[in-house]
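Asker: Keeping their order, the protein sequence lines are chains A and B. Using the working numbering, the letters of the first sequence map in sequence onto residues 194 to 580. Using the working numbering, the letters of the second sequence map in sequence onto residues 194 to 580.
For the record, the hints were derived by calculation from the structure and aren't laboratory data. Just so you know, even glycine gets a beta-carbon here, dropped at the ideal spot from N, CA and C. Honestly, I wouldn't trust all of these hints.
As the list claims (entries may be wrong) - Calculated Cβ distances over 12 Å to all of chain B for the following chain A residues:
| no. | residue |
| --- | --- |
| 1 | P225 |
| 2 | P273 |
| 3 | D299 |
| 4 | D384 |
| 5 | D411 |
| 6 | G520 |
| 7 | G547 |
| 8 | N551 |
| 9 | K577 |
Said to hold, decoys possible - For lysine-lysine, the following DSSO-like pairs were computed, each having C-alpha atoms within a straight-line distance of at most 27 Å:
| no. | chain 1 | residue 1 | chain 2 | residue 2 |
| --- | --- | --- | --- | --- |
| 10 | A | K204 | B | K251 |
| 11 | B | K352 | B | K443 |
| 12 | B | K261 | B | K399 |
| 13 | A | K251 | B | K488 |
| 14 | A | K480 | A | K443 |
| 15 | A | K488 | A | K570 |
| 16 | B | K261 | A | K251 |
| 17 | B | K533 | B | K374 |
| 18 | A | K577 | A | K506 |
| 19 | B | K204 | A | K443 |
| 20 | B | K533 | B | K519 |
| 21 | B | K488 | A | K204 |
| 22 | B | K204 | A | K438 |
| 23 | B | K488 | B | K577 |
| 24 | B | K204 | A | K261 |
| 25 | A | K251 | A | K261 |
| 26 | A | K443 | B | K321 |
| 27 | A | K468 | A | K399 |
| 28 | A | K321 | B | K204 |
| 29 | B | K261 | A | K204 |
| 30 | A | K265 | A | K480 |
| 31 | B | K519 | B | K506 |
| 32 | B | K533 | A | K204 |
Claimed, not checked - Here chain B is said to cover these stretches of chain A; the calculated rule only asks that three of the stretch's residues, wherever they fall, bring their Cβ under 8 Å from a Cβ of chain B:
| no. | segment |
| --- | --- |
| 33 | 230-237 |
| 34 | 284-292 |
| 35 | 311-325 |
| 36 | 443-457 |
Number of protein chains: 2
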Amino acid sequence: MRASEIRELLKLVEKSNIISLAGGLPAPELLPVRELTDIVRGVVDSYGWRVLQYSPTKGVSIFLEALKEFMKSHNVHLGPEDDVIATTGSQEAIYLLARVLLDPGDIVVIEEPSYLTAIQVFRQYGVKFVAIPIDDEGMITEKLEEELKRLRREGRTPKLVYTMPSCHNPAGVTMSYERRKHLLELAESYDLLVIEDDPYSYIAFKPIGAPPLKSMDDSGRVIYVSTFSKILSPGLRLGWVAASKQLISKLEVAKQAVDLHTSTLSQYIAAEALKRGIVDEIIEKAKRVYEAKCKAMLNALETYMPEGVRWTKPVGGLFVWSWLPKGISSRRLLEVALRKGVAFVPGDAFYPCGGGENTMRLNYSFPSIEEIWEGVKRLGDAVKELL
Amino acid sequence: MRASEIRELLKLVEKSNIISLAGGLPAPELLPVRELTDIVRGVVDSYGWRVLQYSPTKGVSIFLEALKEFMKSHNVHLGPEDDVIATTGSQEAIYLLARVLLDPGDIVVIEEPSYLTAIQVFRQYGVKFVAIPIDDEGMITEKLEEELKRLRREGRTPKLVYTMPSCHNPAGVTMSYERRKHLLELAESYDLLVIEDDPYSYIAFKPIGAPPLKSMDDSGRVIYVSTFSKILSPGLRLGWVAASKQLISKLEVAKQAVDLHTSTLSQYIAAEALKRGIVDEIIEKAKRVYEAKCKAMLNALETYMPEGVRWTKPVGGLFVWSWLPKGISSRRLLEVALRKGVAFVPGDAFYPCGGGENTMRLNYSFPSIEEIWEGVKRLGDAVKELL
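Could you put the whole structure together from the sequences, leaning on the hints where they help?
Answerer: Pasting the structure below:
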């Protein structure tokens with residue numbers, strides 16, 4: 194399923210009574226709508242017209258300072274040679290990294306499944322994928338090692354590894370400490386860059402059991418990407434990259450041509466929300482809300498799914514990933530499901546090199562708990578009809 | 194002078210007592226800082242969490258509708274097959290258009306001088322420029338016709354024309370009605386697309402004397418680009434493209450990979466500011482403020498510049514463009530001027546194919562009237578020292 198098809202699916206669902214487990218939207222009840230006016234008054238009082246004026250491509254300095262503090266307090270440790278740039282969502286971070294780092298024909302190591310729009314961006318830059326499967330402990334780094342050895346025999350080396358080690362989208366799993374160590378050792382041996390995409394670790398509702406790759410990195414190989422979309426608001430379009438000064442400087446030049454700079458107002462709002470502790474309040478609330486919603490989905494799956502259907506047990510994030518019995522196509526299931534009044538995203542879109550026809554991604558963050566139960570019930574009926 | 198050098202120059206000036214005629218920032222007194230809190234309260238009351246949530250790549254529909262009304266009321270008429278997309282500033286509009294329309298080796302017709310970051314973007318896509326000089330009536334379309342004939346004899350045709358017909362940046366001039374008609378006739382004969390970049394026509398303080406190219410276009414060739422940066426706030430990063438449905442749809446796909454969508458909050462703020470008439474109030478105020486500042490600069494130039502220095506008499510926009518006597522380099526002048534406490538941007542950066550060594554761009558929108566007089570006085574002293 195292509196991104197454009199998914200967009201059409203989401204538009205269709207929006208206009209109907211279909212329960213959507215297809216989107217990837219944060220819970221509306223977590224968005225700081227009531228605080229927003231007061232935050233804006235605060236930044237206008239403190240900074241006046243500056244909040245509406247052009248600002249530096251790299252970011253508003255008061256925001257960047259608050260962000261560095263925030264990362265530190267959440268165990269994301271930068272190296273002495275690192276710097277930070279504000280981006281228009283983490284989507285732009287990934288886009289700019291691809292633009293700056295990749296040439297057609299480059300090899301990119303990516304998890305299978307992986308984040309859809311990252312796959313899309315890398316594909317646009319004409320790269321070749323090496324897809325590494327994941328299990329309950331994240332990317333199977335033993336397989337990565339095999340692939341790296343095989344490629345070396347052919348005289349080839351990947352340019353970078355793109356990974357979402359904590360609360361993986363779409364798979365919901367988290368990479369273990371041992372695997373993280375192994376990944377970094379391999380990166381060192383084979384001279385690879387590692388993009389750590391980390392939108393979710395802040396709101397994990399169970400212990401992740403390992404620091405971010407960035408904090409374990411001794412040699413400046415890890416490029417850390419994150420976003421305010423799940424800890425403040427996606428509508429602000431505010432993400433960031435933490436990496437070596439040289440790379441940040443290249444991203445700055447690339448970004449200037451793309452959009453000059455990230456919304457000044459969004460950066461001031463985020464700086465103020467960090468200062469007032471609102472972001473950390475949202476994080477605590479998000480853990481409770483998502484834990485409850487995830488639990489509802491897991492219980493509903495347990496209740497309504499027939500034998501032979503499997504699913505992940507996330508420690509965080511917005512999604513449960515599920516496998517249908519072999520031979521059952523999730524695209525065919527979607528047709529039946531839509532008739533029964535529930536939508537989800539077929540999993541093949543998340544496979545960079547094809548496959549995954551029997552997988553699906555189920556979102557629990559946006560629907561209410563009632564909708565989750567009813568949606569999974571309808572989905573269970575659809576699966577039974579197909580079996 | 195490269196864009197990166199200009200950035201460094203602006204950083205340097207920011208931290209000193211140098212009067213800057215180098216930037217391109219709107220007048221701070223025009224930014225609706227006092228209205229902002231109330232606008233935000235208004236959109237939160239009306240739309241709740243939607244103002245902080247993800248929104249469609251093409252734009253928030255309530256914003257797009259308000260924008261279409263606004264364009265209509267300002268004489269920008271779309272064709273029946275046209276559509277509109279919101280972009281992260283008009284910078285992203287230009288970037289996405291380059292990404293969607295241009296291949297390496299394509300020929301792009303561009304004014305000489307032209308908008309710096311547009312030149313940069315097109316150059317990144319590996320195009321060849323055909324530079325057409327401008328005079329007091331804008332692009333000299335007779336020269337364009339000659340160039341098109343010459344290219345046709347070589348079996349080549351440009352893919353598109355990039356023009357800023359109203360209140361040109363950096364030259365400050367406006368294309369006459371006859372030239373606009375001629376340009377569109379040529380576009381028709383030679384099957385060219387035309388990008389009309391129009392950030393300034395809304396705030397022109399003298400009559401422009403011609404409708405936008407978009408409103409004169411019968412055959413769907415004109416791609417209209419504009420921005421809220423000069424009529425509301427640059428910090429919101431909110432621009433737009435109006436063009437054929439097919440092109441908008443391609444831009445939508447490209448934009449999804451770049452940044453998913455434009456800030457939801459920025460779009461709601463702009464929709465509300467349009468609805469409340471705040472944008473039209475700013476426009477009226479901007480005309481008065483910029484007319485006074487422009488007049489101050491022209492009077493100061495008349496007072497302090499020695500014989501042999503020429504400059505444009507803008508009908509709008511943010512800049513006066515100036516020619517030094519032949520043989521005087523504006524880069525050398527900048528060194529002297531910085532010593533005397535005034536900065537400007539040397540004009541060669543705005544020449545897509547080289548040249549313009551004796552030209553400079555002077556900004557009147559950001560400095561106060563007192564700073565304009567003092568800045569031009571210092572600049573006049575610097576020129577006299579060099580002569």
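Asker: All hints are to be evaluated individually against the structure, with a verdict given for each.
Answerer: Hint by hint, here is what the structure shows:
no.: 1; hint: P225; in the structure: violated (7 Å)
no.: 2; hint: P273; in the structure: holds (23 Å)
no.: 3; hint: D299; in the structure: holds (17 Å)
no.: 4; hint: D384; in the structure: holds (28 Å)
no.: 5; hint: D411; in the structure: holds (31 Å)
no.: 6; hint: G520; in the structure: holds (33 Å)
no.: 7; hint: G547; in the structure: holds (20 Å)
no.: 8; hint: N551; in the structure: holds (27 Å)
no.: 9; hint: K577; in the structure: holds (33 Å)
no.: 10; hint: A:K204 to B:K251; in the structure: holds (12 Å)
no.: 11; hint: B:K352 to B:K443; in the structure: holds (17 Å)
no.: 12; hint: B:K261 to B:K399; in the structure: holds (24 Å)
no.: 13; hint: A:K251 to B:K488; in the structure: violated (35 Å)
no.: 14; hint: A:K480 to A:K443; in the structure: violated (36 Å)
no.: 15; hint: A:K488 to A:K570; in the structure: holds (15 Å)
no.: 16; hint: B:K261 to A:K251; in the structure: violated (32 Å)
no.: 17; hint: B:K533 to B:K374; in the structure: violated (46 Å)
no.: 18; hint: A:K577 to A:K506; in the structure: holds (22 Å)
no.: 19; hint: B:K204 to A:K443; in the structure: holds (17 Å)
no.: 20; hint: B:K533 to B:K519; in the structure: holds (22 Å)
no.: 21; hint: B:K488 to A:K204; in the structure: violated (52 Å)
no.: 22; hint: B:K204 to A:K438; in the structure: holds (18 Å)
no.: 23; hint: B:K488 to B:K577; in the structure: holds (23 Å)
no.: 24; hint: B:K204 to A:K261; in the structure: holds (22 Å)
no.: 25; hint: A:K251 to A:K261; in the structure: holds (14 Å)
no.: 26; hint: A:K443 to B:K321; in the structure: holds (24 Å)
no.: 27; hint: A:K468 to A:K399; in the structure: holds (26 Å)
no.: 28; hint: A:K321 to B:K204; in the structure: violated (40 Å)
no.: 29; hint: B:K261 to A:K204; in the structure: holds (22 Å)
no.: 30; hint: A:K265 to A:K480; in the structure: holds (20 Å)
no.: 31; hint: B:K519 to B:K506; in the structure: holds (20 Å)
no.: 32; hint: B:K533 to A:K204; in the structure: violated (60 Å)
no.: 33; hint: 230-237; in the structure: holds (count 4)
no.: 34; hint: 284-292; in the structure: holds (count 3)
no.: 35; hint: 311-325; in the structure: holds (count 3)
no.: 36; hint: 443-457; in the structure: holds (count 10)
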